[in-house]
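Could you put the whole structure together from the sequences, leaning on the hints where they help?
These protein sequence lines are chains Y and P, in that order.
All letters in the first sequence, in the order written, are residues 1 to 189 by the numbering used here.
All letters in the second sequence, in the order written, are residues 1 to 189 by the numbering used here.
It is worth saying that the hints were derived from the structure and are not from the lab.
Please note: incorrect hints may appear among the correct ones.
Said to hold, decoys possible - Going by beta-carbon spacing under 7 Å, a handful of chain Y positions derived as facing chain P:
1. Leu73
2. Ala152
3. Asp154
4. Met157
5. Ala158
6. Gly161
7. Ile162
8. Leu181
9. Ala184
10. Gly185
11. Leu188
We put the beta carbon where it would ideally sit given N, CA and C, even for glycine.
Number of protein chains: 2
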Amino acid sequence: MTIPTSRTLRADAQLNHDRILEAAAHAFARHGADTSLKAIAMNAGVGIGTLYRRFPTRDDLVEATYRNETARLCESAPALLAELSPHEAMRVWMEGFVDYILNKNGMTDALPAILASRDGLRAHSRDLLRDAIQALLDACIEDGALREGVPANDVMMALGGITLIAEHESERELASRLIDLLLAGLVLT
Amino acid sequence: MTIPTSRTLRADAQLNHDRILEAAAHAFARHGADTSLKAIAMNAGVGIGTLYRRFPTRDDLVEATYRNETARLCESAPALLAELSPHEAMRVWMEGFVDYILNKNGMTDALPAILASRDGLRAHSRDLLRDAIQALLDACIEDGALREGVPANDVMMALGGITLIAEHESERELASRLIDLLLAGLVLT
DNA sequence: CTTGCAATCGGAGCCGCCTCCGCTTATAGT
DNA sequence: ACTATAAGCGGAGGCGGCTCCGATTGCAAG
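This is the structure in structure tokens:
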């Protein structure tokens, strides 16, 4: 007998899982961050209970919905490093990060939970982001553009803070100024 | 005839106003940030409608509840400047700000709304905070410890972002490291 | 094909948020 | 004191979040 690993979803469960994500992506895009989860469940053809079992919190659902696009953003870091100076690549990537978060409905609400996740579902996106920042940071340090000693994790958190505050100010320019400030704090003294 | 200025509350309304704030302070302290507003209204001996008319959002209520203590924090800036070097005073005040926000239940949730308020009720605390930071910043600039050209408003937002992210990480040390990073970005080049 | 059960489903139900509007009352002017 | 009226009151009701657990069903072994 094959031991059904707990990682394998039953076929019907997998189908529901996919349908929920599809419905969620559609709902967030069309109706904004405050879409009712009940509506998403209904559109996916499942009960609200099923949605909550699979995604215990709204943040979990948001993270899963955007996971692929988050991965794409992170994968863009090496390309930027190939084209630009490390310092410039870092700045451009950070600007891209802010734009990405601000443009995905629901993402700013989930961002704190994603960055804070120590493990579990949401940690996936967090790890991708930190690795991308680490790569950019390493290139900058090797290039002599930025100083050592600041953990990539701290830079990620700073960027997260900038994004959160910019969201509430709805003033995109503020984020750019704060990114400049952050980079100024990272240069070699 | 005296024109009843729209700023003057009717006597009974003033009483209710005070009772609501008293109940809110008690409830936030005792039951945390998620206290039900209905319970606050009940404890204050008013209907839920009265609470909402006076404080249209939860954030408004939080701001009003802590307004006096926020003012006290802001008033501490001149005293710090009298005792310490401007740069050190700035750092100590920022640490105090973070501790203050993190220790007041409900305050982190309301912080974005307070900082973002352009006018209206909540703007009061925001103005106090910005003025305090402006004073500290001016002293640092005159002292040659920090550079010019960064608006006090931006520094306030950066500090707000740091506080928000530290809250979700529940790692107080992170805030201190990010404050150092912020100050490093503000020094004369 | 049948069967047993672990995995999965799903919605009723409770709770808190917030709005809306008919009822009540403090107060200024006479 | 009396009264008109603006100011204030308050809770019913509609909505969404989330939980809980009895009903259902995919799946694999025989």
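Non-conforming hints, listed in increasing numerical order: Violated hints: 1, 2 and 11; rest satisfied.
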